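Can you build the whole structure from these sequences, using the hints too?
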Amino acid sequence: MATLTSTANPPTTRARASRSERLAPAAFLLPAVLVVLFVSIFPLLLSLFLSLSRLRFEAGGLKVQFVGLDNYRKLLFGSEQKVLFGTIATPSLVGWVVLGAVAFLMLAAVYRAIRDARSGRAVVGRALAGMMLIGLTYLVVASLLAPEGRPGTMVVTMLYVIVGITLQYLIGLGLALLCAQQLPGRRFFRVVFLLPMMITPVGVGYLFRMLADTNKGPLEPLWVALGMQDFAWSNNAWGARIAVMIGDIWQWTPFMFIVLLAAIEGQEVEPVEAAIVDGASHWDIFRHITLPAILPVSTTLILIRMIEAFKIIDLPNILTNGGPGTATETMTLYAYRIWRALDIGGSAAIAYLLLFLVTFFATLYVRALRGRVSTVR
Amino acid sequence: MKSFFHSASPFKPSPFRMLVSYLILGAWALIILFPLYWLTITAFKLPAAVNNGPFYLPFVDFQPSLHAWEYVLGEVGNDTIRLFTNTVGVSLISATLTLVIGSGAAYALTRFQFRPKVGTVLVFLGCVLLAAILTALGAPWGLAVAVAIALFIISLVTIARRFTRTLGNNDIAFWLISQRIMPPVAVVIPIYIIFQQLRLLDTWPALIITYVATNLPIVVWLMRDYFASIPYELEESAQIDGASRFRIFSQIVLPLSVPGLVATFLFVLVFCWNEYLLALFLTNARAQTMPLAVVAQNATRGPQWWYMSVLVLIMIVPVIAMAIALERYIARGLLVGAIKG
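These protein sequences, in sequence, are chains A and B.
Residue numbers for the first sequence follow our numbering, so the first one is 1 and each next one is one higher.
Residue numbers for the second sequence follow our numbering, so the first one is 1001 and each next one is one higher.
If you are wondering where the hints come from, they were derived from the structure by calculation, not from laboratory data.
Being a predicted model, the structure only gives us computed values, none of them experimental.
Be aware that a few hints might be false.
Non-contacting residues of chain B with respect to chain A, defined by C-beta distances greater than 12 Å in every case (computed) [stated by the list, open to error]:
| hint | residue |
| --- | --- |
| 1 | I1031 |
| 2 | F1044 |
| 3 | S1065 |
| 4 | G1074 |
| 5 | G1089 |
| 6 | S1155 |
| 7 | R1162 |
| 8 | T1166 |
| 9 | T1203 |
| 10 | I1252 |
| 11 | R1286 |
| 12 | T1300 |
| 13 | R1301 |
Okay, the calculated bits of chain B under chain A, using three or more residues with CB under 8 Å as the criterion [what the hints assert, rightly or not]:
| hint | region |
| --- | --- |
| 14 | 1047-1059 |
| 15 | 1205-1212 |
Partner residues aside, some chain A positions facing chain B, computed with beta carbon under 7 Å [said to hold, decoys possible]:
| hint | residue |
| --- | --- |
| 16 | F42 |
| 17 | V202 |
| 18 | E220 |
| 19 | T300 |
Just so you know, even glycine gets a beta-carbon here, dropped at the ideal spot from N, CA and C.
Here it is as structure tokens:
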């Protein structure tokens, strides 16, 4: 009992407090790390193993056969290459210009790393990243900007990600800036602008299938006026792709909007007040006060959306079923289609290729921004 | 005319700016609301009114009917209520847990320096691989995991101090977000096996654990930015007054980040509320959620648009109510007011 009562003494309390202070960092961080580890490690390992094997469903049950890199070889060089990479053709003049520009930028980056006498690893890292980027650019250029080319699922996915995120961010930022003003009735707009995000993605897919119907959909008068009432999405690759992108933008602009709005509303008022008193223009205030304040949130937002957008599946699956052919098919949808055809190994291999691709882009993005935007004190 | 372009008070936009703002906001509101209007009237249409071409106005173009509502709430009403309860329960619990765990981690990553050693991470990976290989060779997975954990702890207390290369907070954050890269299609079978082994299939905990784990990275990343924007001086003065870290976090940092917390809570809630693929695999009867019901309306006879619309409407009404209730917290000046007071 004596020891128990003695804990009330100030010195002991301080000792306990300092121990809890020392443990505080771990206590704050560990729960999150453990939960994520628990759910992620085993799936990562198992799907890696599956991507290296072939599963057969036979009378006796499931038969797993280790096949090494066969699944990957089939995707990258074999029968599935046309689906993944599309038809590669000689790029047009514009294509060559784009490719040349990217190659020049990469060479410049490597040259700067050598000139600044960075460590050998930094130079090798930049050279590898540069080669990868040039390769990807060639893939895009030779399938999109070539007269005879046809984009594969990889290029289509990147197209959705880049176009989608750029437009979502710009629209979301514009709307957030407008909604941050003191306008009567702005609460109405703020709630309305959130709505699309709240609908289940599969529901959005079906909703846009109703809207895109050229015969029974609400836009039918428009199609008739344009003389396109017999137009079929299933025949027009670019029409179908644009429909998917419109659906994606409709659904995910709210995410950008609300985070940016919270960031704009959360910034301190004094600098803005001072700037207004000093007669700064709206553009000056945005450029020098608001933009720097929301930049950290913006980079995070774009990274999160980029990772999510690479996994886009519901819209193309429900709206166009990946068609015409595989024109609107994304890598996740491709993996899902093969998976339903019971080629579990091939599906896991596509997922791992996607993992590789997204990790590459995410690392590049984070590295490029790390020096400029630091969120850590 | 000058007063039309210039406002009286520095914070009030000028009438011209207001007009332009309203035009743009109104146009986007129209883009958002029209599809939802179409969804709403479809919920009141008879199949014939959907299939025979576009009809726009109830009572003018077509006669509204409650047949879809009677089916969803009456005929299969018990199922709908069960699914709805599951959706509400699972999402609220998941979102709350994710926010609690995630904001703690985000706070840790903005205020403390972590130096995990590369060697420790490698040893950990080695132990994981060992457990995997043991299981593949036929050992019971419980034993394999126990051996791996024991080995990991032993190596932590023995050889770990020799490692010198360290990682930083940014690497931890990047590792967390990278857990979201894998598409659900690829991880759904392994996750199914985990919960099958734990005998948790078709229960709330299975969904909640999965949703917490998949949404944690988003919470950590978003809250990290909000926490980083809170002036550190406040916490320092509280520390000098003798407040503990947990007290500072709960009494100073969290109240100051209410706008961010509210926005993040809404996202996670919405993601859990609407998640489809994982719910499809982890549940089969008792714990099913609403998105499964929506997709189930795409029957062999073709999509039953009217039932689907009713279900989607039932799903979004509570979330909208919550968004309206919480929106006021995402308001200007909370931060500034707290610092001044």
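- Message: If you test the structure against every hint from before, which numbers come out violated?
- Response: 1
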